[in-house]
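Protein chains in written order, with the numbering used here: chain Y, 1 to 176; chain P, 177 to 282; chain H, 283 to 610; chain R, 611 to 810.
It is possible that some hints are incorrect.
Here are the computed lysine to any residue pairs in the SDA-like style, where the Cα-Cα straight-line distance is at most 25 angstroms [claimed, not checked]:
id, chain 1, residue 1, chain 2, residue 2
1, R, K638, H, I437
2, R, K694, R, R751
3, H, K341, R, K693
4, R, K691, R, T670
5, H, K345, H, K355
6, H, K590, Y, G21
7, H, K590, Y, V157
8, H, K355, Y, R170
9, H, K415, P, D236
10, H, K415, H, A353
11, H, K355, Y, L25
12, R, K691, R, Y645
13, Y, K137, P, I263
14, Y, K137, H, I437
15, H, K325, R, T670
16, R, K791, R, A775
17, R, K638, H, I560
18, R, K693, R, Y645
19, H, K608, H, L476
Derived contacts from chain P toward chain Y, CB cut-off under 7 angstroms, selection only [what the hints assert, rightly or not]:
id, residue
20, I189
21, G196
22, V215
23, L217
24, H231
25, P237
26, T244
27, G249
28, A256
These are computed hints drawn from the structure, not numbers from a lab. Every residue gets a Cβ at the ideal spot worked out from N, C-alpha and C, and that includes glycine.
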Amino acid sequence: MNPSLFSPEGLAEVIFLILIGTTILGASIATLSKRLIRSVIGLAICFLGVGGLYYFLNSPFVAMMQLLIYVGAVCITMTFAIMLAEPDDEKASRKYKSVSTWAAAPLGGLIAYGLSRLAIQGQWLAPAEKINSGSVKDLGMSLLNEYSMVFELISIVLLVSIIGSLALARVGRRKQ
Amino acid sequence: MLTISAHLNTYLIIGAILFGFGIFGLLHRPSLIGMLISVELILSGASVNFMAFNHFLAPDPTVGQIFTLFIMGIAAAEAAIALSIVIAVYRNYQSIDADDLTDLKG
Amino acid sequence: MDELIRLLSYFVGIAAFLGFNLAYLGWVERKGAGHIQRRNGPKEVGPYGLIQPLADGLKLMSKQLIVPAAADKPLYMAAPILAMVPAVLLFVAIPFGEGIVPRQFDFGLLMIFAFAAFAGLAVLMAGWGSGNKYSLIAGTRVVSQNIAFEIPMLITAITVVMITGTMDLSEIVRHQAGGFWHWNIFPRFDSSLLMPVSFLIFYICSMAETNRAPFDLGEAESELVAGYLTEYGGMGFGIFMMAEYANIVIGCSLTTILFLGGWQCPFGILPGPHWFFIKMYFLIWCFVWMRWTFPRVTLWGLLNLSWKYLIPFSLVNLLLTALFIKVF
Amino acid sequence: MSGYFTNIIDGLKSLAIGLGITNREFLKKPITLQYPHEALKMTPRYRGHIELLKNPETGTHTCISCGMCANGCPSKSITIKSKKVPGVKGKVLTSYILDFTTCSLCGQCVENCKPAAIDFSNAYNLASTRKEDFIFNLLERLHPEGVPEPVVDPELLKKEKEKKAAAAQKAAEKKAAAEKKAAEDAAAEKGGEATAEEKS
């Protein structure tokens with residue numbers, strides 16, 4: 001039975017469809033536009049949609065982190081890099097010859113199709129009994145108990161990456 | 177039709193589409209930053225899959241969330257490193273096209 | 283269905299509140315600037331110039347929208363909208379009184395930070411999309427500023443989260459119930475003595491995040507014409523201005539909720555949202571006051587302030603707060 | 611590192627002082643004038659365009675129409691017209707036109723004026739969209755209700771009349787004498803002719 005369009009559930013479905021549209025629109029802008037700056041904006045739109053999907057998947061914390069990290073940090077850093085590195089747009093549009101660019105669209109489509117088919121045809125296990133509600137409290141508990149080692153490792157990775165990126169940017173400056 | 181938000185397959189297909197877009201962009205983009213954008217798309221496609229399985233199938237619904245958070249952390253670190261590489265490359269080659277970086281002398 | 287009606291009425295209420303604020307904060311700012319400089323400020327249009335915002339709005343709306351030839355048109359057009367939408371959206375999460383919140387979010391604080399991240403992107407889009415080097419410089423400046431000040435802001439917000447143990451804004455306010463000495467701005471002998479420092483860092487950062495003078499490097503008119511606003515006229519400019527004021531209201535509301543006890547009344551009279559608005563408008567007035575007191579900082583001084591002072595202080599503050607909580 | 615904390619304390623202190631100053635100013639009354647509604651009184655030393663001075667005794671100007679101001683004007687902005695009126699000593703000013711569009715406010719006219727009839731005015735808010743509005747007739751500006759008739763001195767008038775009469779009489783006499791002389795000359799000529807005729 002389909003819920004009415006104007007009931008909260010129906011409205012939620014409409015919003016869900018809008019989010020899917022946002023995600024796919026963002027992804028297509030990110031990959032198809034000729035200007036890099038627009039692709040970054042498309043990426044931000046796509047991440048906004050993905051964050052909304054996470055919200056529908058009952059994990060608002062991850063959705064917010066998605067926005068905070070991807071839009072607030074990654075996209076802005078990329079825009080910054082584009083402004084610093086100043087890519088030549090005309091040069092980019094000139095290079096549509098190599099084999100990989102022609103093969104790209106069929107290959108991407110094929111992979112997407114294949115994965116979707118797998119998803120539809122796959123016999124997934126029956127949903128297991130939940131051992132907790134997946135709330136932020138549970139998230140924090142398991143982050144600091146079961147996954148504390150990974151948590152520490154990822155902070156080390158982040159630290160190393162910060163130092164490494166600083167060092168890399170610095171070396172380039174010295175050479176010039 | 178209207179209750180597609182409660183199906184695992186919807187999310188898996190969205191994840192697959194994002195992944196496909198990522199592969200497509202990775203091959204089709206000439207510049208390093210464009211490739212980085214595509215890699216982010218691939219990662220987010222994987223994240224969507226993790227979250228979907230986590231919500232619908234996993235007994236412990238924190239695992240997928242934690243995995244996605246780690247992916248985000250890794251993606252942020254990767255973006256920082258890659259962009260500093262891009263800037264260093266641009267300083268040396270005056271270009272960020274992957275095809276132009278053919279010089280083997282460091 | 284009741285939920286829908288409730289949401290719609292809140293939507294209307296927020297729109298009215300926001301419209302009133304966006305119009306009259308400009309008036310307050312000009313009046314304040316006038317009196318600080320011993321002038322009168324606007325006084326011609328209506329009594330005490332009270333109809334001035336209306337006249338300004340009409341003027342901005344009646345202007346033609348011009349897209350510069352060198353502009354990247356989609357980005358140029360989308361930037362004001364992207365600046366405005368998150369700012370308006372954030373009001374959904376702000377509790378104005380006990381139970382007076384459009385939507386109860388368990389992660390209200392996180393949500394505000396997440397959507398505030400769009401502001402930087404909008405400025406970058408405006409700067410790049412204008413096709414003007416001054417706008418571009420302003421965009422990069424604003425983003426380096428936003429990133430630099432978001433870090434201490436988040437870290438000090440985490441100290442509050444550690445004390446109250448929740449990211450739900452209503453819950454944070456409830457945690458500060460009692461007399462005004464229970465507010466987070468004052469040293470708390472049961473959790474952390476350093477809360478005034480947290481408040482100071484948070485307030486400075488919110489001022490910098492909203493691109494207010496003395497941190498308004500994005501529109502430093504003496505150096506960059508009007509920064510990222512240079513190419514915007516008419517309602518494009520108007521929307522950016524409104525987004526700035528909406529961000530100010532958000533920032534001050536957040537400071538009120540986190541540190542000044544939200545709707546908690548200090549003396550036991552006038553309970554309810556009145557106190558929330560009194561505190562919020564006091565903080566906004568402090569923004570105006572500081573704007574017309576201090577000269578604009580240099581970019582160098584701004585980044586030094588963040589990376590050399592605020593970030594180390596906020597980190598030490600976080601550590602000491604954790605220590606306090608562990609010890610007591 | 612040594613100045614790190616002193617820097618912070620100094621900075622906070624100066625911030626507080628600055629806020630105190632602006633707060634103090636905020637509470638004071640505004641000192642600006644609402645210009646179109648109220649205006650400042652200009653200082654007496656302000657040098658605006660020139661104007662004719664009113665002599666409190668006679669109620670009119672003291673210009674003697676000597677033209678020194680017009681002669682001394684480097685921009686030739688001043689045009690003076692005057693006429694002679696019976697019973698009035700000297701010439702009477704009929705129009706004093708200042709073309710303020712070319713005036714450079716050098717003050718040569720005021721320097722040159724022997725009887726100190728002109729001086730700088732205090733008018734500072736001159737504004738118009740038409741050039742003609744800056745061509746002033748100073749005489750009309752001095753007497754906006756109408757230029758008074760010059761005061762006629764009866765004695766002088768009488769004297770003048772006598773003088774005129776005398777002059778007229780003298781002229782008449784002269785004329786008569788001339789006529790007489792002419793007649794005599796003619797007669798003489800005639801006589802001469804006659805004598806010549808007689809001689810011949």
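Hint consistency between R:K791 and R:A775 [alpha-carbon to alpha-carbon, up to 25 angstroms]: Given that 25 angstroms is the threshold and the Cα spacing comes to 23 angstroms, the pair holds.
Is the straight-line distance between the alpha-carbon of R:K693 and that of R:Y645 25 angstroms or less? Roughly 43 angstroms separates the two Cα atoms, so the pair is violated.
Regarding the hint that P:P237 lies at the interface with chain Y, is the smallest CB-CB distance below 7 angstroms? Where the cut-off is 7 angstroms and the nearest Cβ of chain Y is about 3 angstroms from P:P237, the hint holds.
Pair hint outcome, H:K355 versus Y:R170 [Cα-Cα no greater than 25 angstroms]: Status violated; Cα separation ~35 angstroms.
Is the Cα-Cα distance between R:K694 and R:R751 25 angstroms or less? holds, 22 angstroms
Straight-line alpha-carbon gap R:K691 to R:T670, limit 25 angstroms: Roughly 17 angstroms between the alpha carbons, so the hint for R:K691 and R:T670 holds.
When the nearest CB of chain Y is found for P:T244, is that gap smaller than 7 angstroms? holds, 5 angstroms
Restraint outcome when P:I189 is required to lie within 7 angstroms of chain Y by C-beta distance: holds, 5 angstroms
Does R:Y645 sit within 25 angstroms of R:K691, going by the straight-line distance between their CA atoms? violated, 38 angstroms
Are the Cα positions of H:K608 and H:L476 separated by 25 angstroms at most? Answer holds: H:K608 to H:L476 is near 15 angstroms, not above 25 angstroms.
Taking only the CA atoms, is the gap from R:K638 to H:I560 under or equal to 25 angstroms? At roughly 24 angstroms apart (the allowed maximum being 25 angstroms), H:I560 and R:K638 satisfy the hint.
With a cut-off of 7 angstroms, does the beta carbon of P:V215 approach a beta carbon of chain Y closely enough for the hint to hold? violated, 11 angstroms
Checked against the numbered hints above, the structure breaks hints 1, 3, 6, 8, 9, 12, 13, 15, 18 and 22 and satisfies the rest.
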